[in-house]
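Asks: The lines below spell out each chain.
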Amino acid sequence: MSVKTDGSSNYEYVTARVRSRRAKLFDGDDYRKLVRMGPGEIARFMEETEYETEMNALGARHSGVDLVEYALSENLAKHFDDLLRWSEGPLYGYIANYLRKFDAWNVKTVLRGVYTDADREEVRDDLVRTGEFSDRFLDRLLDAGSIEAVTDLLENTIFGEPLAGAFSEYEAEDLLVPLENAIDRAFYTHLMDDIGTQEPDSPKALYKDFLQAEIDFRNVRNALRIARSGADIDPAAYFMDGGRLFGVEGIRQLASNTDELVARIRESTYGDDLADALDDLEDADSLIEFEHALDTALLEYSQTLSSRYPLSVCPVFSYVLSKEREIENVRAIARGREAGLSVEEIETELIQ
Amino acid sequence: MFELATALGSVVPVLQNGGAGGPAIGATAAAALAVGLAALGAGIAERGIGAAAMGAIAENEDLFGRGLILTVLPETLVILALVVVFLTL
Chain P
0 MSVKTDGSSN YEYVTARVRS RRAKLFDGDD YRKLVRMGPG EIARFMEETE YETEMNALGA
60 RHSGVDLVEY ALSENLAKHF DDLLRWSEGP LYGYIANYLR KFDAWNVKTV LRGVYTDADR
120 EEVRDDLVRT GEFSDRFLDR LLDAGSIEAV TDLLENTIFG EPLAGAFSEY EAEDLLVPLE
180 NAIDRAFYTH LMDDIGTQEP DSPKALYKDF LQAEIDFRNV RNALRIARSG ADIDPAAYFM
240 DGGRLFGVEG IRQLASNTDE LVARIRESTY GDDLADALDD LEDADSLIEF EHALDTALLE
300 YSQTLSSRYP LSVCPVFSYV LSKEREIENV RAIARGREAG LSVEEIETEL IQ
Chain F
0 MFELATALGS VVPVLQNGGA GGPAIGATAA AALAVGLAAL GAGIAERGIG AAAMGAIAEN
60 EDLFGRGLIL TVLPETLVIL ALVVVFLTL
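Protein chains in written order, with numbering that gives the first Met the number 0: chain P, 0 to 351; chain F, 0 to 88.
Do not rely on the hints blindly, as some may be mistaken.
Claimed, not checked - Beta-carbon label-pair distances, calculated as ranges:
| id | chain 1 | residue 1 | chain 2 | residue 2 | range |
| --- | --- | --- | --- | --- | --- |
| 1 | P | Ser306 | F | Leu67 | 21 to 27 angstroms |
| 2 | F | Glu74 | P | Glu327 | 44 to 50 angstroms |
| 3 | P | Glu121 | F | Ala57 | 46 to 52 angstroms |
It is worth saying that the hints were derived from the structure and are not from the lab.
Glycine included, C-beta positions come from ideal geometry on N, C-alpha and C.
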């Protein structure tokens, strides 16, 4: 099911453009300014940056925080579609596989919308129009009135089989969790499709390295959430295959003990790259701080990989991650200001 | 494998006798070959640099001058190879 392409990759072109776009992301100074602004000011600030086109296009129809949100998600979709437009050969395949992340997000959004009987327009606004699914297909998903209809539509995609498998469980418990879990699992399983073991430092091996890191961090986060929530759930049920840090057994033991978990990461291949972030991890008291430290650690690792292997898929993925973080940060600031949170409170929410 | 060995065995004496002991190609021809190979190498180098430069220019047009200079830097290889031609003439 993975994307197959011929020809050679144009790493030079894509990484040059990606690096340039990366340099245009908001930095610490911009965030310091943004957290002190009201929603209207944020919108005006964004008009003078990367987001100019989107702000101008949407400015007439929306205002305030809504405008910021719509502009953010349009901009995200635009940039990620650009990545696909530029890339050729195997590089296109890697990026396309990775951007299925947003297919997974969209499917989950639609399922949640159907489940909660949300308004079609509201759900449509929450979709991120990038990834493999075409706009037409997304609209058809929106029009599907029931969960069963959605799963039927997805039959021929990577999500088809896992969803069909989880459907009976959904029917029995009337909970979305099994379906959402199946979607995540389908996404991560297909990322690693026919990669196999590769020569170190070859393009495929670097692609694999990056994804393994992401899966490892996701496993850590899931385990921690389960441990902190105190719910009687087996961490193994949410375990993603393909990481190199833990096995199913390991995650079960480490989930309950944060210190041991940090020690384990420190000893692993990520240890050297993540020294600073790990110190934060150890100091973090709340789950949110810990998760943010994890996010920062993953960002840092992706940046290390991208400067160590400049002509590989790593700078591209690292850009995708940073861009996503930026979107989340700006959204958090805008929503936080609207809700009247203090500057300090919002600053703790930011991931840089 | 063995057939190839026998085939080579019959070709090699012919090649060796043909030049009557001298080099296979003349000095000027060898210099021309050197220039050609240097140009090929420069071309391969410029392929990557040019692609990256185009990417950078597409994002920021001010980089045109810098991109152009970096793209033609490998041309020095060809110029150095031209020296060989003048030495042989």
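Asks: If a hint holds in the structure, say so; if it does not, say that too.
Replies: Evaluation of the provided hints:
| no. | hint | verdict |
| --- | --- | --- |
| 1 | Ser306(P) - Leu67(F): 21 to 27 angstroms | holds, 26 angstroms |
| 2 | Glu74(F) - Glu327(P): 44 to 50 angstroms | holds, 46 angstroms |
| 3 | Glu121(P) - Ala57(F): 46 to 52 angstroms | violated, 37 angstroms |
Hint compliance for this structure: hint 3 alone is broken.
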